Amino acid sequence: MVKNASVQATDIYKDPYGYTYSEMVGVLGEVEADKFYRELYSGSQSSNKYKTITIKEIFRGPDTQKYAFELSDGYCIETVSIKRKTGTTVCVSTMIGCPVGCIFCASGENGFVRNLTPSEIVQQVILINGRVNRIVFMGMGEPLFNYDNVIKSIHILRDRKGLDFPTDGITISTTGPLPQMKKLREEHLGSVTTNGWFLTRNSV
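If you want this note's numbering, it's the position in the sequence shown, counting the first as 1, plus 32.
There could be a bad hint or two in this list.
Said to hold, decoys possible - Here are the simulated DSS-like cross-link-like pairs (lysine-lysine), alpha carbons at most 25 Å apart as the crow flies:
id: 1; residue 1: 115; residue 2: 98
id: 2; residue 1: 81; residue 2: 98
id: 3; residue 1: 215; residue 2: 81
id: 4; residue 1: 184; residue 2: 46
id: 5; residue 1: 83; residue 2: 193
id: 6; residue 1: 184; residue 2: 67
id: 7; residue 1: 193; residue 2: 46
id: 8; residue 1: 67; residue 2: 81
id: 9; residue 1: 193; residue 2: 81
id: 10; residue 1: 67; residue 2: 88
id: 11; residue 1: 88; residue 2: 115
id: 12; residue 1: 67; residue 2: 46
id: 13; residue 1: 83; residue 2: 67
id: 14; residue 1: 98; residue 2: 88
id: 15; residue 1: 46; residue 2: 81
id: 16; residue 1: 46; residue 2: 83
id: 17; residue 1: 214; residue 2: 83
id: 18; residue 1: 81; residue 2: 117
id: 19; residue 1: 67; residue 2: 98
id: 20; residue 1: 67; residue 2: 214
id: 21; residue 1: 88; residue 2: 46
id: 22; residue 1: 98; residue 2: 83
In case anyone wonders, no lab produced these hints; they're calculated from the structure. For clarity, every value in this text was computed on a predicted model and none was experimentally measured.
Sequences and hints are given; from them, build the entire structure.
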């Protein structure tokens, strides 16, 4: 087995939600990776020690819950879950703040701070209560301006050894940056869909 020299075992154990099963196998071996992935994605209480984001507050409505998550560096993000008859939709954030400035969105009012990591994106889904069967990249931030981390988070969410999330249950809501849209067409993401928003403060 050829190990991935760029990923160390200490990296995985420090923040395991940022790695695919195949990456874990390349570093830890198949037996350990199987055991570790089951622990992370089976809902086991023992997996809590690996989480790097925590629920700070939940604002509850009749069919909607807004989660305020605190990150390891003290910043906070918001994630919204919407209960439907057939399950739960989760609107995940991809950035702290946003550089775009859409006129209908408050996310960018204080500017852009940083991109979220794949692990921070994945954990938003893990920590939501309810049977999540739709994920929309529509929270704080422009998903395609955090392109590599968003794409990796999708691969992790889809991983058959983990959540095995259906590709047709994932939507990327975007302002439509053309270089990233072109790049997205080349990704092997099956039926992941995109929705476009184009009205920004700089365009009016």
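Going down the list of hints, with the structure as the test:
In summary, the hint linking residue 115 to residue 98 is supported, as the alpha carbons are separated by about 12 Å, within the 25 Å threshold. Between residue 81 and residue 98 the CA atoms are separated by roughly 23 Å; this keeps the pair inside 25 Å, and the hint holds. For the hint linking residue 215 to residue 81, the alpha-carbon distance of about 36 Å lies beyond 25 Å, and the restraint is violated. Taking the CA atoms of residue 184 and residue 46, the gap is about 18 Å. The hint holds against a cut of 25 Å.
The suggested pairing of residue 83 with residue 193 holds, with an alpha-carbon distance near 18 Å, which does not exceed 25 Å. Restraint check: the Cα-Cα separation between residue 184 and residue 67 comes to about 22 Å, which is no more than 25 Å; the hinted pair holds. For the given pair, residue 193 sits about 20 Å from residue 46 by alpha-carbon distance, which is consistent with the 25 Å threshold. Taken as a hint, the residue 67 and residue 81 pair is honoured in the structure, with Cα atoms around 16 Å apart against an allowance of 25 Å.
Restraint check: the Cα-Cα separation between residue 193 and residue 81 comes to about 20 Å, which is no more than 25 Å; the hinted pair holds. With a C-alpha separation of about 30 Å, the suggested pair residue 67 and residue 88 falls outside the 25 Å cut-off, and the hint is violated. A threshold of 25 Å between alpha carbons decides the hint, and for residue 88 with residue 115 the separation of about 21 Å falls inside it, so the pair holds. For the given pair, residue 67 sits about 16 Å from residue 46 by alpha-carbon distance, which is consistent with the 25 Å threshold.
A hinted pair counts as satisfied when its Cα atoms are at most 25 Å apart, and residue 83 with residue 67 qualifies at roughly 17 Å. Proposed proximity of residue 98 and residue 88 is supported: the alpha carbons are some 11 Å apart, at most 25 Å. Straight-line distance between C-alpha atoms of residue 46 and residue 81 comes to about 10 Å, which keeps the hinted pair within the 25 Å bound. Note on residue 46 and residue 83: the hinted pairing holds, with a Cα-Cα distance of about 9 Å set against a maximum of 25 Å.
Taken as a hint, the residue 214 and residue 83 pair is broken in the structure, with Cα atoms around 34 Å apart against an allowance of 25 Å. Of the supplied pair hints, the one linking residue 81 and residue 117 is violated, its CA atoms being roughly 33 Å apart against a limit of 25 Å. Between residue 67 and residue 98 the CA atoms are separated by roughly 32 Å; this puts the pair beyond 25 Å, and the hint is violated. A C-alpha spacing of about 38 Å is found between residue 67 and residue 214, which places the hinted pair above 25 Å, so the restraint is violated.
Straight-line distance between C-alpha atoms of residue 88 and residue 46 comes to about 21 Å, which keeps the hinted pair within the 25 Å bound. With a C-alpha separation of about 19 Å, the suggested pair residue 98 and residue 83 falls inside the 25 Å cut-off, and the hint holds.
The earlier numbered hints that this structure contradicts are 3, 10, 17, 18, 19 and 20.
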